[in-house]
Amino acid sequence: MAGHSKWANIQHRKGRQDKARSKLFSKLSKDITIAAKLGSPDVDMNPRLRLAVNNAKGQSMPKDNIQRAINKGAGGEGADYSEMRYEGFGPAGIGIIVEVSTDNKNRAAMEVRTAFSKNGGNLGETGTVSFGFDQIGQITYPLAIGDEDTVMEAAMEAGADDVESDETTDDPEISPEHTFYTARDELAAVAGELEKILGAEPKGVNMIWRAQNPIDAPDKAATIIKLVEALEDLDDVQNVYHSLELSDAAMAALEEQE
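Numbering (my numbering), first residue to last: 1 to 258.
Derived from the structure by calculation, the hints contain no laboratory data. Honestly, I wouldn't trust all of these hints.
Quick list of in silico lysine to any residue cross-link-like pairs, SDA-like style, CA-CA up to 25 Å [claimed, not checked]:
#: 1; residue 1: 105; residue 2: 207
#: 2; residue 1: 23; residue 2: 162
#: 3; residue 1: 57; residue 2: 117
#: 4; residue 1: 203; residue 2: 162
#: 5; residue 1: 220; residue 2: 142
#: 6; residue 1: 226; residue 2: 133
Okay, the calculated beta carbon distance ranges per label pair [stated by the list, open to error]:
#: 7; residue 1: 47; residue 2: 120; range: 37 to 45 Å
#: 8; residue 1: 24; residue 2: 75; range: 17 to 25 Å
#: 9; residue 1: 125; residue 2: 24; range: 24 to 32 Å
#: 10; residue 1: 147; residue 2: 127; range: 36 to 44 Å
#: 11; residue 1: 248; residue 2: 75; range: 48 to 56 Å
#: 12; residue 1: 135; residue 2: 103; range: 41 to 49 Å
#: 13; residue 1: 42; residue 2: 103; range: 36 to 44 Å
#: 14; residue 1: 71; residue 2: 47; range: 15 to 23 Å
#: 15; residue 1: 38; residue 2: 248; range: 40 to 48 Å
#: 16; residue 1: 219; residue 2: 38; range: 16 to 24 Å
#: 17; residue 1: 109; residue 2: 68; range: 43 to 51 Å
#: 18; residue 1: 248; residue 2: 124; range: 23 to 31 Å
#: 19; residue 1: 64; residue 2: 249; range: 42 to 50 Å
#: 20; residue 1: 120; residue 2: 59; range: 25 to 33 Å
Since the structure is predicted, the reported quantities are computational estimates derived from the model, not experimental observations. Glycine included, every Cβ here is placed at the ideal spot set by N, Cα and C.
Using the sequences provided together with the hints, build the complete structure.
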């Protein structure tokens, strides 16, 4: 899907790659530690830990970092985290869902609220935004795993609902992907079948929120992206989902802002 490449291009042009990668590794480490702390440190006995470790491997996280995160959780170290979801609106009525994992609920709530208010948004009540999104499974593979015909056949055989492919790029900082979508209850089964069919572990296996009706708001795109980035930069924030459509018009507007 072109949207994946467009979002990567936005982050790259704004010089956010190193910061985004550091944030990603921190998030992955937290996921692994929480999973190991809540269950067995053995990936074969702990599905949540296996998923977290596979996601970390898919993002080229060093093995030593992965093992340290497992050991930290297995040893009962680290804070006790609560997983929460915040919902709000950005400019042009864009819906935004923020997933948080925090050891301090008051701090997390204050920081999320402040990010919204300082960037033209408003924090709402739980349910005010999510009804316009579908929670679905998302499985990603590098573009090199096969061409579109190959992955389409794999998607049909594995039982995925849909598959989309990024556009190729010459930029070494951007990794184009094939993205498979599936019903949330079938995520694990479809991911397992794809691994068998394609002969490789996926780059990522996650539950995501996808907007039912994306909004094209080119005149507000830059402001919306600034809000999304402000939320993503918060230490407690794990994921941010929004209903902005990254159309050609929106991308052109973003380029004019630079």
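Structure-based check of each hint:
| no. | hint | in the structure |
| --- | --- | --- |
| 1 | 105 to 207 | 22 Å, holds |
| 2 | 23 to 162 | 29 Å, violated |
| 3 | 57 to 117 | 36 Å, violated |
| 4 | 203 to 162 | 17 Å, holds |
| 5 | 220 to 142 | 32 Å, violated |
| 6 | 226 to 133 | 21 Å, holds |
| 7 | 47 to 120: 37 to 45 Å | 40 Å, holds |
| 8 | 24 to 75: 17 to 25 Å | 24 Å, holds |
| 9 | 125 to 24: 24 to 32 Å | 29 Å, holds |
| 10 | 147 to 127: 36 to 44 Å | 41 Å, holds |
| 11 | 248 to 75: 48 to 56 Å | 51 Å, holds |
| 12 | 135 to 103: 41 to 49 Å | 25 Å, violated |
| 13 | 42 to 103: 36 to 44 Å | 25 Å, violated |
| 14 | 71 to 47: 15 to 23 Å | 19 Å, holds |
| 15 | 38 to 248: 40 to 48 Å | 44 Å, holds |
| 16 | 219 to 38: 16 to 24 Å | 45 Å, violated |
| 17 | 109 to 68: 43 to 51 Å | 30 Å, violated |
| 18 | 248 to 124: 23 to 31 Å | 30 Å, holds |
| 19 | 64 to 249: 42 to 50 Å | 45 Å, holds |
| 20 | 120 to 59: 25 to 33 Å | 31 Å, holds |
The structure does not agree with the numbered hints 2, 3, 5, 12, 13, 16 and 17 stated previously, though it agrees with the rest.
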